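Student: Please work from the sequences and hints to get the whole structure.
There are 2 protein chains.
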Amino acid sequence: MAPQRRIDLVLDSVKRLLRIGATANLLNLLQKQHPADLAQIFSEFPEKDRQATFTLLADRNGRLAMEAVSELGPEAGATLLATRPAEEIAKLAQEIPSDDAAALIDHLPDELSAAVLDLMRPDESGVVEHLLEYQEQTAGRIMNPHVFALDEEMTVGEAITELQTNRDVEMVFYLYVVDERRHLVGVTSLRRLLLVSPETPLKRIMTADLISARVETDQEEVAQQVASYNLLAIPVVDEENKLVGVITVDDIIDVIKDEATEDIYRLAGVAGDERAFTPARESLRKRLPWLGVNLATAFMAASVVALFEGTIERITALAVFMPIVAGMGGNAATQTLTVIVRGIALGELTWGNSRQALVKEAIVGLGNGVVLGLIAALVAWGTRGNPVLGLILCAAMIINMFVAATAGTLVPLGLRAANIDPALASSVFITTLTDVFGFFSFLGLATLFLRYLVPMA
Amino acid sequence: MAPQRRIDLVLDSVKRLLRIGATANLLNLLQKQHPADLAQIFSEFPEKDRQATFTLLADRNGRLAMEAVSELGPEAGATLLATRPAEEIAKLAQEIPSDDAAALIDHLPDELSAAVLDLMRPDESGVVEHLLEYQEQTAGRIMNPHVFALDEEMTVGEAITELQTNRDVEMVFYLYVVDERRHLVGVTSLRRLLLVSPETPLKRIMTADLISARVETDQEEVAQQVASYNLLAIPVVDEENKLVGVITVDDIIDVIKDEATEDIYRLAGVAGDERAFTPARESLRKRLPWLGVNLATAFMAASVVALFEGTIERITALAVFMPIVAGMGGNAATQTLTVIVRGIALGELTWGNSRQALVKEAIVGLGNGVVLGLIAALVAWGTRGNPVLGLILCAAMIINMFVAATAGTLVPLGLRAANIDPALASSVFITTLTDVFGFFSFLGLATLFLRYLVPMA
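Chains A and Y, in that order, are what the protein sequence lines are. All the letters of the first sequence, read from the start, carry residue numbers -10 to 446 under this note's numbering. All the letters of the second sequence, read from the start, carry residue numbers -10 to 446 under this note's numbering.
Check before you lean on any hint, since a few could be wrong.
Put simply, identical chains are the same to the list, so a pair is met inside one copy or across any two.
Calculated cross-link-like contacts (lysine-lysine; reagent style DSS-like; alpha-carbon spacing at most 27 Å) [said to hold, decoys possible]:
hint	residue 1	residue 2
1	Lys231	Lys246
2	Lys21	Lys231
3	Lys192	Lys21
4	Lys4	Lys192
5	Lys275	Lys21
6	Lys80	Lys37
7	Lys275	Lys231
8	Lys192	Lys231
Note that these hints are calculated values from the structure, not bench results. The structure displayed is predicted, hence computed values, not measured ones.
Tutor: In structure tokens form, the structure reads like this:
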């Protein structure tokens, strides 16, 4: 059965059991679900049912309830948790790995999160507070500080015994090896332990050349390393190369998704942390400033048109065709911008090979301009009976699509060189630029060649 | 040292060694690199150097050369390979896992790929051809058919021996268990083998309830399962539940990146397989049709303006302000569309909770319209001295931003309900819609209230 179909069935049953108040059966059903499925069920519930179900489950099986909350993501998870008293949250937070707990607590309202940290066991709250000291979106912030490591002086037999006694270790496909002061010195695998005799020193079967991340490394860079070296986990070290945590590939997948979302959003002028169900008031607050900036730039484009009001007064057909020049430039710019921004994000486009990309985009821009400009010219000529109007439309489209292509390439590359996120060269911004250029080239040419246009008016 | 910085240094050395023809040193340096780093180096080289370096490395260390080509991705990898004779490609293809080989061979020119398959060992080409029979973007197409499995009748001790003798098995963190007819019946882990005595039957420590994918499952759905259940690999079964392959999380990461790229691209009207360095001619061929469609819709918007040419002739100021109404609607629509399309892609937005999203977007649209409309009205009144022009501008902006919000929500949700990719409701398309509505509402209102506007002209 397709997973979504199965969840829909479970969802129906949960709703029914909730409605008839069959608590025992409901708990039974909930406890059989994977945390990820529970998260999906929570997210499809209306607010009230979500809280009722969560409360019920949290009383019976705190760990499962918290794992589900964690799968909801820190924002939605914290919103759900925030309805519970601080004592309960403090108790529940201890059921999940400290990195997940830290992410949730960080998203609680300030007062509540302080209260929760106060009420947690000192050892646990210490770990969480330590994690929260790292900057957001760094390796330190997303790592799991409970990392299992073997001493380099051990034999393979001792290592296996160590693994057998530490049954609650989370990640064991890579076995990191440290010296007596916990400096990271190597890595081996469970598999390799099985291929040699128990007396073999660990040192002999470990790989000393391993890839690690520093606590302050940006999470996007960490994700790129894990992805390009096909790792399942990456160890995190401090400035002295001491092993302080591990980031597993499932967390990396979340980073990759979040970074892709951020890029998609920025291209459209949306804040990275907005989601489909962010409350309307908050969405409004987040989107308005960006639209405000765009309103200002739209007035700039309008003032270009105003420069040529005299020309439009004589030939109103210009008002009909000018949006075509501006709009097609905007569309072409959006295409170029998207390819360039994504190329940078995927690491395919670097400063070294950017000239090649610029030349290519310029050619494509000119090509598009010539083909579409000619078509537009023919339509304008045909409908208005004036070949000069067609020629001017064609010329303006070629100019504007060339500008669109070069700006769509240079602006994100320039931002990147200045260490600013290239996705901020959003299509919303670039299209304003093509509006200005489009209006200016079209109306400017029309004003220049006004005497050839007038007879038709 | 940051990875990019290290690669830059290696790149400089490689270039220098290549220039002075120090082949032995060059090979030495290349062979020390990780395939992913080699791929990065290849991609930063000009065409000629890339081929020279690849040829050199392929002669010495075919496997490493092919792993690097594989890391380049199938398109770029196949382009590089295609410069070599078919015999050599056939030999090299056997150095890498069949799924990677299949992806590369699939992207070679038809004639060459047929020749390569003819020249490969029959057992190898058989596997590759079998993989290529699966539909693109399905689990069957991206799985590795060499999957290690244990017989359910084994004991733990026998399983460990089996692992020790199969040294070249790729993926061993999950150990899949099959019955005598190779039906997938369970899963266990290397870790669990170590925690019990060797006589324990495998059946007793395996989990029978495991998540698998069918060969025909869409790769995006597989990726969602792996991501939401935090898996490191997922077994692939045929219609009889026989184990036929495995997909590891590194391939899933590639799928997630590709699907995100596809979404970003579609929103901008770019073909999913275009990259920053796709040749200009091909990019032109891929982008022109979409721009052509948009030219047609732009003419539609223009014809709306043409309806009101009489009004514009009397009040040219309308031509100045009309792009503001259309443009701001377009920007607001892009924001809404992006949030909705991403919400659908991330699985947060379903049919069940879409009403809530629509209400929210409608409120945000109205709110944006009122705030920005009032500001625009004040500017128009201030610069043109006509309050009625300001009022009409404000009303048109409110209408258009409301239309933008509802269309930006309903169009992708509708496409999704019709099983069409919602990202195809690209911002390029939606903004044309807001152009039409923007021009119509603004110029229509102006025509209706013409007598209040004329005094100012």
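Student: Would you mind marking each hint as holding or not holding in the structure?
Tutor: Tested hints:
1. Lys231 to Lys246: neither (29 Å within a copy, 32 Å between copies)
2. Lys21 to Lys231: For Lys21 and Lys231, the Cα distance is within 27 Å only across copies (26 Å; inside one copy 40 Å).
3. Lys192 to Lys21: For Lys192 and Lys21, only the inter-copy Cα distance (21 Å) is at most 27 Å; the intra-copy one is 43 Å.
4. Lys4 to Lys192: neither (56 Å within a copy, 36 Å between copies)
5. Lys275 to Lys21: neither (39 Å within a copy, 49 Å between copies)
6. Lys80 to Lys37: Intra 23 Å, inter 63 Å, cutoff 27 Å: intra-copy only.
7. Lys275 to Lys231: neither (40 Å within a copy, 51 Å between copies)
8. Lys192 to Lys231: Within one copy only: 18 Å inside a chain, 41 Å across chains, cut-off 27 Å.
Going through the hint list in order, the structure does not satisfy hints 1, 4, 5, 7.
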